[in-house]
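Sequence order for the protein chains is A and B. Every letter in the first sequence is one number past the one before it in the working numbering, and letter 143, counting from 1, is 142. Just remember that the working numbering sits 13 ahead of the position in the second sequence, which is counted from 1.
Certain hints may be false.
[Said to hold, decoys possible] The calculated lysine-lysine pairs, modelled on DSSO-like cross-linking and capped at a C-alpha distance of 30 Å, are:
#  : chain 1 : residue 1 : chain 2 : residue 2
1  : A       : Lys-105   : A       : Lys-115
2  : A       : Lys-105   : B       : Lys-183
3  : A       : Lys-115   : A       : Lys-72
4  : A       : Lys-77    : B       : Lys-208
5  : A       : Lys-87    : A       : Lys-77
6  : A       : Lys-77    : A       : Lys-115
7  : A       : Lys-105   : A       : Lys-72
8  : B       : Lys-208   : A       : Lys-87
9  : A       : Lys-87    : A       : Lys-105
10 : B       : Lys-208   : A       : Lys-72
11 : A       : Lys-105   : A       : Lys-77
12 : A       : Lys-72    : A       : Lys-87
[Claimed, not checked] Not everything, but these chain A residues come out facing chain B in the computed CB check (under 7 Å):
#  : residue
13 : Glu-95
14 : Asp-98
15 : Leu-148
16 : Thr-165
17 : Asn-166
18 : Pro-184
19 : Ala-186
[Stated by the list, open to error] Okay, the calculated bits of chain B under chain A, using three or more residues with CB under 8 Å as the criterion:
#  : stretch
20 : 114 to 128
21 : 162 to 173
22 : 185 to 193
23 : 201 to 213
These are computed hints drawn from the structure, not numbers from a lab. Small disclaimer: the values here were computed from a predicted structure and weren't measured. No residue lacks a Cβ here, since even glycine has one placed at the ideal position from N, Cα and C.
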Amino acid sequence: MDLDSFLRDPQSRRRFFRMSGMGVAGGSAVFLAACSDDTKNPVSLGPDESDQADVEILNGALDLELMAVAAYKAGAGKLTGDRLAMVKDFLEQEQEHADGLAAAIKDADGTPNRAKEAYDFPVLRSPSDVLRFAVDVENTAIAAYIDALPKLTQGDLRSTAASIITNEAEHLSILLEELGREPVPAAFVTGRPT
Amino acid sequence: MASRVEIRGGEDGCAEIESFERDRRELLQRGVGLGGAAIAAASIPLLWSVRSASAEDAGDFLNSAINLERAMVIAYDTVLGGGLLSPAVRRVLRRFRAQEQEHADALTTALTDLGGTPPAPPKGVADVDKIVEGLSGVRSQADVVSFLIELETAAVAAYFDAHAELSEAKLLQTGASIMANEGQHLVVLRRIAGKDPIPNAFETGAQ
Chain A
0 MDLDSFLRDP
10 QSRRRFFRMS
20 GMGVAGGSAV
30 FLAACSDDTK
40 NPVSLGPDES
50 DQADVEILNG
60 ALDLELMAVA
70 AYKAGAGKLT
80 GDRLAMVKDF
90 LEQEQEHADG
100 LAAAIKDADG
110 TPNRAKEAYD
120 FPVLRSPSDV
130 LRFAVDVENT
140 AIAAYIDALP
150 KLTQGDLRST
160 AASIITNEAE
170 HLSILLEELG
180 REPVPAAFVT
190 GRPT
Chain B
14 MASRVEIRGG
24 EDGCAEIESF
34 ERDRRELLQR
44 GVGLGGAAIA
54 AASIPLLWSV
64 RSASAEDAGD
74 FLNSAINLER
84 AMVIAYDTVL
94 GGGLLSPAVR
104 RVLRRFRAQE
114 QEHADALTTA
124 LTDLGGTPPA
134 PPKGVADVDK
144 IVEGLSGVRS
154 QADVVSFLIE
164 LETAAVAAYF
174 DAHAELSEAK
184 LLQTGASIMA
194 NEGQHLVVLR
204 RIAGKDPIPN
214 AFETGAQ
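So that you can see chain A by itself, here it is in the shape it has in the complex (with noise of 0.2 Å):
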């Protein structure tokens, strides 16, 4: 599938997604099978299924960080000098997110998830291409992240979603920039469509 009819068709972005591992931006959460609702507050856990709890919202950040370095390695090819270099350093940061959650992952007594084969992604054929796949992508896991914040146990866990939150959000603010658009269209950053 090409990129256009992939970003215009919601029910092919919520099948890839999910099939990473992550939920889709507009769409219903996935991030999570574990949590069932989007709207509890953290529960009081003893400190066996509090870490057990962490350890698979973490495990789903990890899939999702895992996709997006696999995403940014499948664009590189299509860019050059300045975005080649935009995308490296991207790339680099997602991979220190992954590293930071396997770390925690393992801190729990948890194993991390480990990246899978190959993604299914859809065919980008020029820089555009990239650059709005990555939108997407960004997208998609800010949203993810936001929906899993609430369900994370240890504050000092939540802290650090939220910093990979303003992370993806900066990224998101240079690739709309170099799609000429608007870098920071809303005041509410939440990953859906503004």
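On the provided structure of chain A, position chain B as indicated by the hints.
Just chain B, lined up with the frame of chain A:
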């Protein structure tokens, strides 16, 4: 509940002062090296109260965050009226000012929905000085941008720390969506200043 502000043994007042001084030193260190703007010692109570918000006291968090956002509106109003900006930068900052106002309005609505009473309106530049000093000393567009980078960074730090203490779902999500917007402001401001727009993978407000 983990918090940077720890009440230790001894007289309560001494323990609070110890915590106050520790945070003050940390924030002053953050302020060093950025265009001469320095986080004021007097800023700590405002940021402290944002950071120390808890699930039991969402009203305190909202009051503190409203004060923070209103002070940011005053800062943007002040620099927009100062005659130091190019038309292009003025357009950007006008948008950011409007977004800070949207934050303040939404937080105020959330507080009144909870049955709380919004804080008294800010008095002026003195309220900005409580967060970051130096607004009245800006003499060029570069000074303005440097000051705003420091102010937005302080806001990101306050929301980052508040996330460790908050537990109410909607407040967490709204706080994160605002913190992300402040991060986007930082990207644009850093670019104007010729700095790396995204120097850290984790945007915590630390320098």
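Outcome of the hint check:
no.: 1; hint: Lys-105(A) / Lys-115(A); in the structure: 19 Å, holds
no.: 2; hint: Lys-105(A) / Lys-183(B); in the structure: 29 Å, holds
no.: 3; hint: Lys-115(A) / Lys-72(A); in the structure: 14 Å, holds
no.: 4; hint: Lys-77(A) / Lys-208(B); in the structure: 26 Å, holds
no.: 5; hint: Lys-87(A) / Lys-77(A); in the structure: 12 Å, holds
no.: 6; hint: Lys-77(A) / Lys-115(A); in the structure: 22 Å, holds
no.: 7; hint: Lys-105(A) / Lys-72(A); in the structure: 26 Å, holds
no.: 8; hint: Lys-208(B) / Lys-87(A); in the structure: 18 Å, holds
no.: 9; hint: Lys-87(A) / Lys-105(A); in the structure: 27 Å, holds
no.: 10; hint: Lys-208(B) / Lys-72(A); in the structure: 25 Å, holds
no.: 11; hint: Lys-105(A) / Lys-77(A); in the structure: 36 Å, violated
no.: 12; hint: Lys-72(A) / Lys-87(A); in the structure: 8 Å, holds
no.: 13; hint: Glu-95; in the structure: 4 Å, holds
no.: 14; hint: Asp-98; in the structure: 9 Å, violated
no.: 15; hint: Leu-148; in the structure: 5 Å, holds
no.: 16; hint: Thr-165; in the structure: 4 Å, holds
no.: 17; hint: Asn-166; in the structure: 5 Å, holds
no.: 18; hint: Pro-184; in the structure: 9 Å, violated
no.: 19; hint: Ala-186; in the structure: 4 Å, holds
no.: 20; hint: 114 to 128; in the structure: holds (count 3)
no.: 21; hint: 162 to 173; in the structure: holds (count 3)
no.: 22; hint: 185 to 193; in the structure: holds (count 9)
no.: 23; hint: 201 to 213; in the structure: holds (count 4)
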